[in-house]
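We have chain A; now place chain B onto it with these hints.
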Amino acid sequence: MKKGILSLSALLVGGMLSAQVVGTDTTTNAPLNSAQNILSGNGGKQIIIGGYGQIDYNQPLNDTASANGKMDVHRMVIFMGYKFNDKVQFVTEIEMEHVKELYVEQAFLNYQISNPINFRAGLMLIPMGIINEYHEPTTFNGVERPNLDGKIIPTTWREMGAGFAGNIDNLSLKYQAYVVNGFLGYDGSGKLRGSDGFRKGRQKGAESTFNTPNFTTKLDFYGIKGLKLGASAYFGNTQSTAFDGLPNNDTLGLKAQADSTTVGLAMFGFDARYTYKALHIRGQFVKSSISNVAEYNAYTGSDLGSSMLGYYGEVGYDVLSLIKKDAKEKLILFGRYEYYDTHDATPNGTIKNDSYARTDMTFGVTYKVSNGAAFKADYQIFDNKADGNTPSNQINLGVGVWF
Amino acid sequence: MRKIWIVIFVGLSFLSFDLPKSAIKKIDKVITSLWPEQVVEKKAINLSNKQLENFKDNKLYQLINNKKSIGYLYLTKARSKITYFDYMIIFNTDLSIKKIKVLIYREEQGGEIGSKRWLKQFEGKSSANEMKFGDDIQNISGATISARSMTNGVGKATKQVQNLKLQGVFN
Chain A
1 MKKGILSLSA LLVGGMLSAQ VVGTDTTTNA PLNSAQNILS GNGGKQIIIG
51 GYGQIDYNQP LNDTASANGK MDVHRMVIFM GYKFNDKVQF VTEIEMEHVK
101 ELYVEQAFLN YQISNPINFR AGLMLIPMGI INEYHEPTTF NGVERPNLDG
151 KIIPTTWREM GAGFAGNIDN LSLKYQAYVV NGFLGYDGSG KLRGSDGFRK
201 GRQKGAESTF NTPNFTTKLD FYGIKGLKLG ASAYFGNTQS TAFDGLPNND
251 TLGLKAQADS TTVGLAMFGF DARYTYKALH IRGQFVKSSI SNVAEYNAYT
301 GSDLGSSMLG YYGEVGYDVL SLIKKDAKEK LILFGRYEYY DTHDATPNGT
351 IKNDSYARTD MTFGVTYKVS NGAAFKADYQ IFDNKADGNT PSNQINLGVG
401 VWF
Chain B
1 MRKIWIVIFV GLSFLSFDLP KSAIKKIDKV ITSLWPEQVV EKKAINLSNK
51 QLENFKDNKL YQLINNKKSI GYLYLTKARS KITYFDYMII FNTDLSIKKI
101 KVLIYREEQG GEIGSKRWLK QFEGKSSANE MKFGDDIQNI SGATISARSM
151 TNGVGKATKQ VQNLKLQGVF N
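Chain order of the listed sequences is A and B.
First residue of the first sequence: 1, per this note's numbering; consecutive thereafter.
First residue of the second sequence: 1, per this note's numbering; consecutive thereafter.
Be aware that a few hints might be false.
[Unchecked claim] Selected chain B positions facing chain A (Cβ under 7 angstroms, derived; list incomplete):
no., residue
1, R106
2, E108
3, G114
4, S115
5, Q167
[Claimed, not checked] Sample of chain B residues with no beta-carbon within 10 angstroms of chain A, all distances over it, derived:
no., residue
6, I45
7, S69
8, D94
9, G124
10, D135
Worth flagging that the hints you see were computed from the coordinates, not collected in a lab.
All C-beta atoms in this analysis are idealised placements derived from N, C-alpha and C, irrespective of residue type, glycine included.
In isolation and in its complexed conformation, chain A is listed as follows:
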């Protein structure tokens, strides 16, 4: 069955890629998929198929010992969008990670009630930070996504939910507000941990456990030319299988026990993207405050932190624009500094692990040979605050596509 799905997906992708006409719509110059109009019914209904791919080669550098590199088709995602009518759309992304793991990244129905009000429900991306919503490999610098987004935000963060979204043109404001399912903190054992916070608690819409709703909201402002500012918030308790089947008249104190298998999360994120001609700047700040962690760690034996903090700043410049005025390609030189600490604070009973206070520096180049295709190369230096830690280095090479 798994093999069948793999070969079917491979055929689909292969078919799309080989059938791909690298042409443009003469009216809009928008990149055209030959797969557009693949299913055309009455009234011009059509399914749009696209996708993105991230292919990596990571090579740690080591002075004292040989280190194996890793080559990975990290992500191959198929996007499908179907327009039922002017008001109703279905959007889905099916993802193959590391060639073996099949996931659904998004699957939601969007209903436009009026122009600034859309109602949507299904499996959705949590609007926190830049990368979680915008992670097509040609839209960010560096072969890999920033570790801040991986460890603290934990991208790709998507859960089942429902809510509202829209653009308010007069204010140049985009809003999103959803009620969503939360992380699974406990399923017989604790899933949350010090090194990567909530990452292992992501349910991803796969037969997820739900016992308490979470809430997330984001505002994006784009009224200043070239600048996009975002502010996100996330609140809620984690889910736990320990509540399942608990009698309403709890005389044995089981509820208190179950409570120890959950934590409360309040996460705030601020992000900014600024582009001016050849200059690209972005920055992000995230802070998570976690409650009930002392009880959770005591019960599960975990080392989850009670506060997580991270930020990064990145500058990129398209140097090709200096050499060739009307260049269709881009050669972006960039540098990024990241700091992320999943043990920004720890509760009583949990020792702060200094190796969790990490800094990553990434320097590299993104060679965009087309709007949707890039060759990437970068050099990373990883460091942390543990006593006597020596920084480790890594070279990454990669290919990113988005069509």
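This is chain B only, laid out in the frame that chain A set:
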């Protein structure tokens, strides 16, 4: 006695609009804001069959006040990620862009292009200006597909109306 001037629609030419009422309301609101307290008529422009072929689904109207031409109204569509959006361009008589407004945005993302401030970038430009996306016209992060699509569409529209002028359509 103060007369209240309103925008009136020239009946027959108006029936050829296949936009919903809400979109038509938007068009009129823009016209009223640009020419307050003036009577503005919309007159469909006659194009030859060959010109219509090139024009495709776009619509072009002359805007008239007191029997004088005061501008042109251009209605068109452009692609967003999985569908398309409708927008309007109001041209000055010299064919420079006076105002652009998104009439119907259907897609669940990319709606940032409706921002008045972003659309201001196009004002005053004509076929004589290069409107290079990411350079002359700044992108909006997160709405790149629609922003690029709009930019290319507007560039094409300015060239199209300039061509029609050279063919004597506006005389």
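Status of each hint after checking the structure:
1. R106: holds (5 angstroms)
2. E108: holds (4 angstroms)
3. G114: Nearest chain A Cβ about 4 angstroms off; hint holds.
4. S115: Where the cut-off is 7 angstroms and the nearest Cβ of chain A is about 4 angstroms from S115 of chain B, the hint holds.
5. Q167: Violated, because the Cβ-Cβ distance from Q167 of chain B to chain A comes to roughly 20 angstroms (cut-off 7 angstroms).
6. I45: holds (20 angstroms)
7. S69: holds (27 angstroms)
8. D94: At about 25 angstroms from chain A, D94 of chain B clears the 10 angstroms cut-off, so the statement holds.
9. G124: holds (15 angstroms)
10. D135: Contrary to the label, D135 of chain B does not stay out of reach of chain A, its closest Cβ about 6 angstroms off (not over 10 angstroms).
The structure shown violates the earlier hints numbered 5, 10.
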